[in-house]
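Here the protein sequences come in this chain order: A and B. When you number the first sequence by the numbering used here, it's gap-free, plus one each residue, and the end is 812. When you number the second sequence by the numbering used here, it's gap-free, plus one each residue, and the end is 120.
By construction, these hints were calculated from the structure, which means they are not laboratory data. Take the hints with a grain of salt, since some may be wrong.
Stated by the list, open to error - Selected chain B positions facing chain A (in silico; Cβ < 8 Å): (1) L17; (2) Q28; (3) R31; (4) V33; (5) R34; (6) A36; (7) V42; (8) Q66; (9) G67; (10) G71; (11) P93; (12) G96; (13) M104; (14) I105.
None of these values were measured; they are calculated from a predicted model. Beta carbons: idealized from backbone N, C-alpha and C, even for Gly.
If you want the building blocks of each chain, they are given just below.
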Amino acid sequence: MKKEKLILIGNGMAGVRALEELINIAPEMYDITVFGSEPYGNYNRILLSPVLAGEKSFNDILLNDDPWYEQHRITLHKGREVTEINRRAKTVVTRDGVSADYDRLLLATGSNPVILPVPGHKLPGVITFRDISDVDTMINAAQTMRHAVVIGGGLLGLEAAYGLKQRGLHVTVVHLMKTLLERQLDDVAGGMLLQSLEKRGIQFLLGAQTEEIIGKQRVQGVRFKDGREISADLVVMAIGIRPNIELAKKSGIHCERGIVVNDTLQTYDPKIYAVGECVQHRTQTYGLVAPLFEQAKVCANHLAQIGFRRYQGSMTSTKLKVTGVDVFSAGDFTGDATTESIVLRDGARGMYKKLVIKDNRIHGAVMIGDTGDGPWYFQMMRDRQDISDIRSRLLHGQAHLGDAGHGGATTIGMSDATEICGCNGVCKGEIVNAIIGKKLFTLEEVRSHTKASSSCGSCTGLVEQILAATLGGDYSAAPKEKPLCPCTDYTHDEVRQAIREQRLHTIDAVMRRMEWKNSDGCASCRPALNYYLISTWPAETKDDYQARFINERAHANIQKDGTYSVVPRIWGGVVTPKELHAIAAVAEQFEVPEVKITGGQRIDLLGVKKENLPAVWRELGKAGLVSGHAYAKALRTVKTCVGQEWCRFGVQNSTQMGITLEKMTWGSWTPHKFKMAVSGCPRNCAEATIKDFGVVAVESGWELHVGGNGGVKVRVTDLLCKVKTEQEVLEYCGAFMQLYREEARYLERTAPWIERVGLSYVKQQLIEDADKRRALYARFLDSQKYVQTDPWAQRAAAEVHTHEFIPLKQVV
Amino acid sequence: MLPTKKEVSPESSAEWLEIGSLEDIPRQGARVVRLAEGDVAVFRTAEDEIFALRDRCPHKGGPLSQGIVYGKKVACPLHNRSVHLDSGEAVAPDKGCAATYPLMIKEGRIFLGRRGQTSS
Ligand code: SRM
Ligand SMILES: Cc1cc2nc3c(=O)[nH]c(=O)nc-3n(C[C@H](O)[C@H](O)[C@H](O)COP(=O)(O)OP(=O)(O)OC[C@H]3O[C@@H](n4cnc5c(N)ncnc54)[C@H](O)[C@@H]3O)c2cc1C
Ligand code: SF4
Ligand code: FES
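Given only the sequences and the hints, what does the whole structure look like? Please build it.
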């Protein structure tokens, strides 16, 4: 079959990004031709500001050089402007007479800078700030001229002013409004910004309306409506941009402010797509790359004809790229009668933070000075996260949310040799080099190329900071909720809902019903689906062991050398001499290389060969020892302290309470591992307040705590309630676990889950609504009927999965 | 590159080792063949294709036979990098390669070619 022809008009950021996405998913599908009116390959327009300021060179910002186009067999027409689209004949023609035909056409013509139509606007020396040639003009001007005037106090204008100042010019910014960046900042923040830019030697004329640009042969000055005049050798117009739709309009493609497209980025002509700043989608146009990249992704999917992805619009946030001046803003930051705002202002430190809140959700954020938490607020804003539970600490930033050990770090001053990712040993320098060398834009890309932040994830914030600092812009516009995995566009919650409502009982059924892109999924979605199925339909679903990670398949923890570890359950941390004998005997009989007391009050036999596991379990089973599920996303340990029976401070029998809880809950599969502890008094020797469910004895009964985590990111529990009787402890515990089992996403521990849904929600379900609590508890107990069979005993008796433990063939 | 359906006769039993039948390997799973020179992982995909690789992940030697099999790939159990079953190559952008072994099926029995090959 002959390949279809795809033509891209506009060799800029959005268009080429769409090609990159397309080549990724359908490399052989089209014969591609690109027309670009600029005489270069695709470059990173965002970084023109640092080039102007002398912080980067043109080579640093080139994204795709000629060999890239050659390698992908793309025909590139540099410096050729398309002036005609003939939609009937499906051809395009350039100004210099080159023509080409297409089957599909992609328009990505960007925008044009707006030019004030005042007298004198055509004089030599009046320029805009849009492309490399503008930057060249400015750099050359800096060598011979003294006075620059920038018209426009928006992001572009300020970046131009800063760059020109760095080049040694005397710079005045002229702005029509009374405050700077009025579209991004409120008055207070705008005022602080003004001060810090003035300190850098830039002058400002606010509330000044330009009436004329004066000069004979070339620019000599600017006159304002109020009669004032200032001298100028160079005038930069940076008052805004307008989608470049001339060509589209001329060809009869429906345009309003921009080229109108639907959710698949298709124009009114079904053969023609459009992405980027030239586009108008659901009445919005965008002038930042993050939303354009999202458009590019969706568009590529549809060009590849595999897409059911839709573009649904984006929320954007902005940053100013002026070195040393940190500004962040997102959403609606002025607010109105229905909103409230929380403000933190520290003039001496040049710091200002304002959050606009509506219905307990962040609606907008403005920050100046310390903007490190910007992405965090922005994420919560996009997730529409309820913040009522963290409201009092919100303004102090993520570092103050019990995030011990990771708080407050900033990557700006770090040397290249500073280790960022402790799991994979990746340093700052490596990340920066990968971002530049491999042209990475997103967190996901950095993860897959460098492995940084791909394991425990605690350095994610740092990696995002490095991305932002290296690239200059703010690229963090991931879709609001991420798809479950790359095999689908549906989110965890949507998949779960479908499983429940459409009564799906097998992984295969889910994948077929929800049109999975890869027929048998991947190593991320299969375990998740398996969990969702068994937790939704405990009686009906057959557990699919091939969808389980090896630890859960083999009921032991794989070790780095391929051997396994064995951790028997030690109820509430209490052992008998007989059990200890049995463990010791097994260790000797099977020559177990190491026996270790774990951090969970149990004993670990490390280095057991896989084929010995069933025999080891058989021996342990003889002494009544069963699986401790130390390998599973399931109930792990219930730690206890000695409590009332022995301790002089104990007020309740915490040891027995722990054992009873463990007997009720063992075997339960959970979204992530689930740990408990019971302490006999508020001295809390069992560390119950960093457990998923923690119980602390008090004189009058028991305090129940939830959502603690002692791992990567320490989180102290929230107090759920106080109860009197043991039965109540069991009921709340079962109900809490069931709520978590039914509603949290796979691999989400209770701590992030509670932070996402809010403690108040959990309280509502468990405390305010007693019927709901009882129903949850009943469902929990019911699901336990199907899982409380010791998996070790089954395997020791060779009842199930014998193939797992025996080599297919042995010739040694 | 693998003659899974084709019936080829083993030229010499010294080179081709009979290891079992398709049913012995779980679908979307793997089994280990233990040889003097080291373990070989024999995979069976959802589509019933079979592949054999040296049971050592190119990253840090993790036993690939213990991973999750999906499509024509396996995700290593140790650090979750994926490897193509047909070529033994790590899935990009990761680099590295596990040696492949030829397999053939004759009269329902699977034979493993004893010399591993590192494809480039
Ligand atoms: C054996 C043990 C260390 C020890 O020698 O003491 C251990 C060993 C492992 N831990 Fe742990 N953790 C052990 C107690 C803990 C504790 C302490 C506790 O439970 O009181 C914590 C912090 C408390 C917590 O979880 O909130 C802990 C936090 C982690 C984490 C981080 C979890 C988090 O939410 O941030 C991981 C990584 C993960 O789960 O993704 C982890 C993962 C692991 C794994 C399973 C790594 C892996 O995936 O292979 C280790 C398995 C080793 C093995 O093969 O046995 N282990 N781990 C402890 C077993 C307890 C038990 O009896 O079952
Ligand atoms: C100085 C500066 C700083 C910026 N900073 C940021 C930032 O920090 N963060 C951020 O998110 N965004 C920033 N932006 C905005 C960002 O660069 C744009 O949103 C993005 O480049 C738009 O991509 P696009 O592909 O739609 O348009 P462009 O990148 O402008 O590409 C359009 C291309 O099409 C070509 N073209 C137009 N018509 C034709 C035709 N008829 N025939 C052939 N070729 C044609 C043009 O020459 C141009 O090369 C900045 C922009 C500038 C100028
Ligand atoms: S046992 Fe836990 S803390 Fe220790 S190395 Fe393993 S995962 Fe890390
Ligand atoms: S050893 Fe396989 S991923 Fe690390």
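Okay, the hints, checked on the actual structure:
1. L17: 7 Å, holds
2. Q28: OK, holds: B/Q28 within 8 Å of chain A, min 4 Å.
3. R31: Where the cut-off is 8 Å and the nearest Cβ of chain A is about 4 Å from B/R31, the hint holds.
4. V33: Check passed: Cβ of B/V33 comes within 5 Å of chain A, closer than 8 Å.
5. R34: 4 Å, holds
6. A36: Since the shortest Cβ distance to chain A is 5 Å, the answer is holds.
7. V42: 6 Å, holds
8. Q66: 4 Å, holds
9. G67: With a closest approach of 7 Å, the B/G67 hint holds.
10. G71: 6 Å, holds
11. P93: 5 Å, holds
12. G96: This interface hint is violated because 13 Å lies over the 8 Å limit.
13. M104: 15 Å, violated
14. I105: 14 Å, violated
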